[in-house]
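A.B. asks: Based on these hints, arrange chain X on the given structure of chain D.
2 protein chains.
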Amino acid sequence: MKIPSSSISRISLYYRALLSLKDTSVISSQELADLTECNAAQVRKDLTYFGQFGRPGKGYDTETLKLELKKILGIDRDWDVVLVGVGNLGSALLAYKGFKSQGFNIKYAFDNNIKKIGKTKQGIKIRSTRELKSIIRSRHIDMAILAVSQESAQTVVDNLVTSGIKAILNFAPVTLKVPSGVELLNIDLSMELERLTYFLRSNI
Amino acid sequence: MKIPSSSISRISLYYRALLSLKDTSVISSQELADLTECNAAQVRKDLTYFGQFGRPGKGYDTETLKLELKKILGIDRDWDVVLVGVGNLGSALLAYKGFKSQGFNIKYAFDNNIKKIGKTKQGIKIRSTRELKSIIRSRHIDMAILAVSQESAQTVVDNLVTSGIKAILNFAPVTLKVPSGVELLNIDLSMELERLTYFLRSNI
Numbered sequence: 109m110k111i112p113s114s115s116i117s118r119i120s121l122y123y124r125a126l127l128s129l130k131d132t133s134v135i136s137s138q139e140l141a142d143l144t145e146c147n148a149a150q151v152r153k154d155l156t157y158f159g160q161f162g163r164p165g166k167g168y169d170t171e172t173l174k175l176e177l178k179k180i181l182g183i184d185r186d187w188d189v190v191l192v193g194v195g196n197l198g199s200a201l202l203a204y205k206g207f208k209s210q211g212f213n214i215k216y217a218f219d220n221n222i223k224k225i226g227k228t229k230q231g232i233k234i235r236s237t238r239e240l241k242s243i244i245r246s247r248h249i250d251m252a253i254l255a256v257s258q259e260s261a262q263t264v265v266d267n268l269v270t271s272g273i274k275a276i277l278n279f280a281p282v283t284l285k286v287p288s289g290v291e292l293l294n295i296d297l298s299m300e301l302e303r304l305t306y307f308l309r310s311n312i
Numbered sequence: 109m110k111i112p113s114s115s116i117s118r119i120s121l122y123y124r125a126l127l128s129l130k131d132t133s134v135i136s137s138q139e140l141a142d143l144t145e146c147n148a149a150q151v152r153k154d155l156t157y158f159g160q161f162g163r164p165g166k167g168y169d170t171e172t173l174k175l176e177l178k179k180i181l182g183i184d185r186d187w188d189v190v191l192v193g194v195g196n197l198g199s200a201l202l203a204y205k206g207f208k209s210q211g212f213n214i215k216y217a218f219d220n221n222i223k224k225i226g227k228t229k230q231g232i233k234i235r236s237t238r239e240l241k242s243i244i245r246s247r248h249i250d251m252a253i254l255a256v257s258q259e260s261a262q263t264v265v266d267n268l269v270t271s272g273i274k275a276i277l278n279f280a281p282v283t284l285k286v287p288s289g290v291e292l293l294n295i296d297l298s299m300e301l302e303r304l305t306y307f308l309r310s311n312i
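In order, the protein sequences belong to chains D and X.
Start counting the first sequence at 109; every next residue gets the next number (this note's numbering).
Start counting the second sequence at 109; every next residue gets the next number (this note's numbering).
Any given hint could turn out to be false.
Here are the simulated SDA-like cross-link-like pairs (lysine to any residue), alpha carbons at most 25 Å apart as the crow flies [stated by the list, open to error]:
(1) K285/X to A203/D
(2) K229/X to G195/D
(3) K153/D to K208/X
(4) K205/D to P281/X
(5) K233/D to S257/X
(6) K110/X to S310/D
(7) K205/X to V282/D
(8) K205/D to V286/X
(9) K215/D to N311/X
(10) K205/X to N220/D
(11) K215/D to M299/X
(12) K285/X to L297/D
(13) K285/X to L127/D
(14) K110/X to D142/D
(15) K241/X to L308/D
(16) K178/D to V282/X
(17) K130/X to K241/D
(18) K179/D to S128/X
(19) K285/X to S298/D
(20) K205/D to K241/X
(21) K110/X to T144/D
(22) K179/D to L308/X
(23) K110/X to R303/D
(24) K229/D to G195/X
(25) K241/D to R309/X
(26) K227/D to G195/X
(27) K130/D to D296/X
(28) K153/X to D296/D
(29) K110/X to C146/D
(30) K233/D to I222/D
(31) K224/D to Q230/X
(32) K285/X to S260/X
(33) K110/D to E145/X
(34) K274/X to K229/D
(35) K208/D to I295/X
(36) K153/D to Q138/X
(37) K227/X to G195/D
(38) K208/D to Q258/X
For the record, the hints were derived by calculation from the structure and aren't laboratory data.
Just so we're clear, the structure is a prediction, and the values are computed from it rather than from any experiment.
Chain D on its own, in the form it takes in the complex (with noise of 0.2 Å):
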């Protein structure tokens, strides 16, 4: 069965949600729903893809159900990560704290500018992009984050696929192809704007 998208992210944001109480021992479809201003039905069939977690009429145990996403997520375990790109929206990646906190580990990064390479950053060698399939297939590293120009992001991610990669969080602003078996996720930052901008135009 192919689960929506969506409701990952609201997995996500269900258990950001349960992160977030303090003596709540049990709590209802609807108080999940309150939190993440989405509706009571909808946290029912999101959680209901992966399970019969809660009791009818009792709601959900807040410690088990946390332990349960995390595990749908993917997140009971650390994650080492490979960055390709170290310009300003990279460096600013290595920097970015959201990341360790959720087992998110940078462990190598790479870039093909000789003037970076060797240096150190947040204290991470910078590496050249040769080295790329050598450490990531000795390391068994599954994830990378694509901080590349448009240009070069296609040779890159064909690169970090015969590598190994299977699932690789890019930023450039171009749509690129990865063979099945590979997720690719984009991050569009304008979509991201046009959010506030439909919220500007029916408010202001």
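C.D. replies: Chain X only, in chain D's frame:
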């Protein structure tokens, strides 16, 4: 009527799908669904929130729909944006090509670091945050992008709000408060990575 934010995000997706079409004068909800990995009923429901655009059994006129979606999203005009925080992330956002191509112009950039103030990046002069209020008010700017540290984020938000900003895109991984009437959108990059670890967990 409150329209779900997931519908707004899908409207952005539909709009991008329409942009990518060539020589297609009419499109069905099923075709639009296939292009965006949604389902046809969802496409029809999302569009119905905003009016009756298609003809039953005929589909949507692509050019008309494109214009209507631009209007809905508020991108049938350009928007001036201020950027606060010109560190690594802020610099990356100044250089991000996806903004300008969608009509988002970062017109003013602010920082409180004396070493940066007065310098120019990507053709934009970096100003002192002391000038924030006078610029936002005199230029009637509604949107701000926040790329400051977790520690100073709430102070800057308060400053933006009293200056008249109505919509904020925040990159600091911290929960911020805004009064009603101001829209705050948080980019949580670790949530995006969780969509990838979900995939990895279920596929490797």
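A.B. asks: Need the list of violated hint numbers for this structure, in ascending order.
C.D. replies: Violated hints: 3, 17, 18, 20, 34; rest satisfied.
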